[in-house]
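In order, the protein sequence lines correspond to chains D and P.
Here the first sequence stands for residues 1 to 305, numbered as in my numbering.
Here the second sequence stands for residues 1001 to 1129, numbered as in my numbering.
Think of the hints as simulated: they come from the structure by calculation, not from any bench.
No experiment lies behind these values; they were computed from the predicted model shown.
Please note that a few of the clues may not be correct.
[Stated by the list, open to error] Some chain D residues well away from chain P (every beta-carbon gap over 12 Å; in silico):
# : residue
1 : Ala13
2 : Tyr34
3 : Ser45
4 : Ile78
5 : Gly96
6 : Leu145
7 : Val243
8 : Ala283
9 : Ala290
[To be verified] Reference listing, derived: stretches of chain P covered by chain D, where coverage requires no fewer than 3 residues with Cβ under 8 Å from a Cβ of chain D:
#  : region
10 : 1039-1053
11 : 1061-1074
Cβ coordinates follow ideal geometry from the N, Cα and C atoms, glycine included.
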Amino acid sequence: MRAGAGRGVRPSASATLLVRAALAVYPPSWRARYGDEVRALLDDSGGGAAAAGGLAVRALPAWFWPSRHLYDRTDPSIRMRASLATVLIAASMLAGLGLVFAQLTQLQGYRPAGHPVIGWCYTVFDAALAFSALAAAGGGLPLWLLMLRRAHRDLRPRDSASLLAPVIAPAVYLLALIMTVRSVRGADGVSPWWFLAVTLAGFAAAGIAAAGPGVALRRMQPRGSALHLATVAAALVAAVMLVGTAAIVVAVVGLCLWAPSFAGYHDVTVPGIYLILVVAAAAVTAVSAARGTRAAFAKPGSRHT
Amino acid sequence: MHATGTAKRCPPDPSAPEEGKVRDKLNGWADPPLLVLASLAGEPKHGYAITQDVAETMGVRLSAGTLYAVIARLEARGLIEPLESDDRRRPYRITAAGAQALAEQSERMSRVASLARQRLSANLGWAGA
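With the rest of the complex left out, here is chain D (with noise of 0.2 Å):
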């Protein structure tokens, strides 16, 4: 076996920053398994902003086509609360873009004369996070009660909390937005800033809900059929927002082709970073439930990703 004769060369503390940077952007699993041979090679060869750059670019297929020896092969519950983890926080950011063009668009009575396709597009929307909430909530309430019971009885207070956010972040956003509606409303409404400000607020306010189930989904490891069921909801939530996403896009570019005298659609800049918003949490919703899905119908003992 050749020996691991690097060159020595003690790379600088910019560049160990660089490549710890780097490998932050890898996905998790790949970083726990490549991350310390990764910093190994790049101490050999001295490896500097470049290499650092390199390594970073390369971590979008990283995230796109995981290698699916990385994850566990015989215990497929640990790639459904992972996916579980994961749409949460990404369908959650999709329904906080989706809620944001239905509050920009149809909830302004806007449907351009002649192009009824964006009224249609109102409607899947509409239809699709109606749908995919009650999904949600059928699929994945069994699944919340029984890690809320547990949590209770073996004394969790930290898991009970997480636990409880998706219910109290939401709650405490809407009684803040309704405070400060109230004391900054003007005659037309709120001004753009303080829309932004609600606006951001909300789309932290969804995190903090998403994430507390997340993260006591991998505290508390909990398995069984109501993982299971969970997870096919998780599923059918990703695919009803892939048509909710769809019904987006068309009625974005719609109004941008058919009406750019309705607000700011006359510029495709801030349609277009919002629609690559849309477009990738709609991917990695898609990605992460698809995978969760396949390790949920597994066959014992066979690979999965």
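Start from chain D and add chain P according to the hints.
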């Protein structure tokens, strides 16, 4: 297997700048998974040793990102496997499936190379390097 991108050729001969430029363009065709398999066919090696071997014997410099993307893919497909290691430099060795894949690919490349030489010789009067 297909090329994964950021493999770089070692600097070309500065005395032939134009030839070097053309060669650089063609170097994007280097197939990093094949290079890694060929390197490991000799003996098990860790990441740095693979990059050194590939650079010295095949003239291609693999970046850390490319190398570990390739290692992850080859390992997932069972073409290479990690060996036990006491430190961070984990060595890899080629598996039987990897050796088979490398042999098949080498045979295919050999046929292409032979055909290319024949046609270059017959049509362009190229006598070889």
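Status of each hint after checking the structure:
Every Cβ of chain P is farther than 12 Å from the Cβ of Ala13 of chain D; the closest lies at roughly 18 Å, confirming the non-interface assignment. Listed as outside the interface, Tyr34 of chain D is inconsistent with that label: its C-beta sits roughly 5 Å from the nearest C-beta of chain P, within the 12 Å cut-off. With a least beta-carbon separation of about 6 Å from chain P, Ser45 of chain D fails to lie farther than 12 Å from that chain, contradicting its non-interface assignment. No Cβ of chain P approaches the Cβ of Ile78 of chain D within 12 Å, the least distance being about 17 Å, so the stated non-interface status holds.
Non-interface call for Gly96 of chain D relative to chain P: holds, since the shortest CB-CB distance, roughly 33 Å, exceeds 12 Å. No Cβ of chain P approaches the Cβ of Leu145 of chain D within 12 Å, the least distance being about 38 Å, so the stated non-interface status holds. Every Cβ of chain P is farther than 12 Å from the Cβ of Val243 of chain D; the closest lies at roughly 32 Å, confirming the non-interface assignment. For Ala283 of chain D, the requirement that its beta carbon stay farther than 12 Å from each beta carbon of chain P is met, with the minimum near 19 Å.
The claim that Ala290 of chain D is not at the interface with chain P holds, since no C-beta of that chain comes within 12 Å of its own (minimum 17 Å). Given as covered by chain D, the region 1039-1053 of chain P passes the check, having 9 residues with a CB less than 8 Å from a CB of that chain where 3 are the minimum. Counting residues of the region 1061-1074 of chain P whose CB lies closer than 8 Å to any CB of chain D gives 10, so the stated coverage by that chain holds, three being the minimum.
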